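Peer 1: Below are the chains, spelled out letter by letter.
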Amino acid sequence: MTATTLSSPALRPRRRSALAWAIADTKTITWRNLVTLRRLPQLLIFSTIQPVIFVLMFRYVFGGSIHIPGVDYVNYLMPGIFAQTVTFGAIQTGIGLAEDLHKGLIERFRSLPMARSAVLAGRTLADLVRNVFVVALMLVVGYMVGFRVETGVLGLLAGVAVILLFGFSLTWIFAIIGLSAPNAETAQAMSFPILAPLVFVSSAFVAIDTMPGWMQPFARYQPVSVAVDAVRSLMLGGLFHDPWKVLGSLAWSIGIVAVFAPLAVRVYRRTA
Amino acid sequence: MSATLIPMADNAIFVEDLQKRFGTVVALAGIDLAVPTGTIFGLLGPNGAGKTTAVRILTTILRRDGGRAEVLGVDVDADPQQVREHIGLAGQYAAVDENLTGRENLRLVGLLTHLPDNIVRGRADELLEWFDLVDAANRTVRTYSGGMRRRLDLAAALVHRPPVLFLDEPTTGLDPRSRTDLWGVISQLVREGTTVLLTTQYLEEADQLADDIVVIDQGQVIARGTAAELKATVGATIIEIDVANPANAERARVVLAKHGMCDIDTDGHTVELKVKDGSRAAVDVVRTLDHEGLEPMSLTLREPTLDDVFLTLTGHAAEEPPPEVPAAVGARRRTRGAA
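These protein sequences, in sequence, are chains D and L.
Residues 1 to 272 (my numbering) make up the first sequence, in order.
Residues 1 to 339 (my numbering) make up the second sequence, in order.
A couple of the hints might just be wrong.
Claimed, not checked - Here are the simulated EDC-like cross-link-like pairs (lysine to aspartate or glutamate), alpha carbons at most 16 angstroms apart as the crow flies:
#, chain 1, residue 1, chain 2, residue 2
1, L, 231, L, 250
2, D, 27, L, 212
3, D, 27, L, 117
Claimed, not checked - Derived coverage of chain L by chain D (criterion: at least 3 residues anywhere in the stretch with Cβ under 8 angstroms from a Cβ of chain D; other residues may be distant):
#, region
4, 52 to 66
5, 79 to 88
6, 102 to 115
To be verified - Chain L residues, not near chain D, derived (Cβ > 12 angstroms throughout):
#, residue
7, 92
8, 135
9, 136
10, 153
11, 226
12, 247
13, 258
14, 260
15, 286
Read the hints as simulated data drawn from the structure, not as lab findings.
Remember, it's a predicted structure, so these values are computed and weren't measured experimentally.
Glycine included, every Cβ here is placed at the ideal spot set by N, Cα and C.
Please model the complete structure; the sequences and the hints are all you need to start from.
Peer 2: Here's what the structure looks like:
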């Protein structure tokens, strides 16, 4: 209380390139978001409850009346569940940012000499790490209800990589929603109408051939379907083997990041 | 005060004709401020006056629409990065992460201010001790009281020992003891050479701390000077007397006016006088009223508030705050009377 001074002399920041700081700041924000995740494990549990219910419902209730030629329905279902999990999980990104915004944390961040992109990149990367756990958990659940990867470990890992990249790309879209919403609840409410058609008008749970003709083109090529088909190709192979779907899904994910990441940074800069 | 990267300017903060509008709402209609290095400057005004907007512009959070705004001689819009390295901001809503511990919060800000890791550790320990948060250092902020959060928020603003500190209503909502403690810290900072711009709704706070004060209302400067000068415009002390009913209040006003007291207001049961020498005048008032058979139910001496300054300067009470902000400065209807 005596010898130390509160305010002088001023401490000098280290000098580094803008890129080096962007990476360092992103690491710092990612750390901060992961600490929260570790301290509130219920966030992780909650984001898996809904997909687990879907697994049980489609496996045991609806599954019996859905016939996909040449495959056990549970094997058809699980790639759809993985995609659904990361898609709905992306809402968390928006909620987290909306909370930071309304608690004044983003205001403080904006008064610091940190990289402008780091708040968003740190959030989306932390959510990517969260998705690793969530997808792993869903794989375990899948195995418990009879899901089996037909292609081996490499196929499994490649499939997981495709789904994680897809989830990561979506978090940038929901970052924009989180920054634009007046509060976290609204961010959540705004997200659902965007997600529901993507998740349900897709190949996640049923074969697209069974949908009305006018719906099929959208259902076939929209990003969730392509991601699901890519995961099927990688994890199931055989009838579902289709490298174009894998490339297609990578293209969708990279495209979404390329468009929405700069847009999100712009929104962040303008958010007061 | 040795190693600032920016050459020392005479005025740590300089603002000229600063303007900002949000849509059709004019938040700042051209204000001027100059804060000499090493002083505390008080920006005084009710909710919605434009105080926070001015702070946000000076801390690079918002961009201005017109005028000049410089911190340590650097234009805040032209080189915001340079400015951010030399300022600290502590706000009205403690901007700390509830899910991190106190120490982690300081570490977060330190790292994002680009200080070396070992210095961040040392500063965190120092500040936790300074702000009496050592015992709570490893608890999540969720468990902190309002006063503790506010202290942590201020500590976070000080991690890099900024030469210029912005405090946006630092004591709003604090209990009197926490407020006095915080005043002590702020005074200490200024003794060490920090320049502070403080916004407040309390004249008393500006009086305690600030060297110079500007009063703003609806985005415009309506008065400037020292706290003493502002209070002098009102009268040194205010005496409030409660009587049995409004009729008695009116009688008391007439009696006191006849007795040579000036600047008297009535408001329902209450009579209010502005006087130079509070305790002397209070005795006179009681005697005078007693002589007329008017018994005061209560008599209070108080220092002028922002509300009083406002009423004197503008003829109206401080504006009604916007609905989402709790009323701190209530508007009161009064009848003016002077003899």
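Peer 1: Each hint: holds or not?
Peer 2: These are the hints, each one checked on the structure:
Among the hinted pairs, residue 231(L) with residue 250(L) is inconsistent with the structure: their alpha-carbon atoms are about 26 angstroms apart, more than 16 angstroms. A hinted pair counts as satisfied when its Cα atoms are at most 16 angstroms apart, and residue 27(D) with residue 212(L) does not qualify at roughly 42 angstroms. Distance restraint check for residue 27(D) and residue 117(L): the Cα-Cα separation of roughly 13 angstroms lies within the 16 angstroms cut-off, and the hinted pair is therefore satisfied. Taking a C-beta to C-beta cut-off of 8 angstroms, the region 52 to 66 of chain L contributes 5 residues in contact with chain D, enough for the three needed, and the coverage statement holds.
As drawn, the region 79 to 88 of chain L meets chain D at 5 residues by the rule of a beta-carbon pair under 8 angstroms; at three or more, the given contact holds. Proximity of the region 102 to 115 of chain L to chain D, defined as three or more residues with a beta carbon under 8 angstroms from a beta carbon of that chain, is established by the 8 residues found. With a least beta-carbon separation of about 8 angstroms from chain D, residue 92(L) fails to lie farther than 12 angstroms from that chain, contradicting its non-interface assignment. Even its closest Cβ contact with chain D, about 15 angstroms, leaves residue 135(L) beyond 12 angstroms, as expected for a residue assigned away from the interface.
For residue 136(L), the shortest C-beta to C-beta distance to chain D comes to about 16 angstroms, beyond the 12 angstroms cut-off, and the non-interface label holds. Distance check for residue 153(L) against chain D: the nearest CB is about 8 angstroms away, which does not clear 12 angstroms, and the non-interface claim fails. The Cβ of residue 226(L) lies farther than 12 angstroms from every Cβ of chain D, with a closest approach of about 24 angstroms, so its non-interface assignment holds. Non-interface call for residue 247(L) relative to chain D: holds, since the shortest CB-CB distance, roughly 50 angstroms, exceeds 12 angstroms.
The beta carbon of residue 258(L) is kept farther than 12 angstroms from every beta carbon of chain D, the shortest such distance being approximately 55 angstroms. Every CB of chain D is more than 12 angstroms from the CB of residue 260(L) (nearest about 51 angstroms), matching its label as outside the interface. At roughly 46 angstroms, the least C-beta separation between residue 286(L) and chain D is larger than 12 angstroms, which holds for a residue marked as non-interface.
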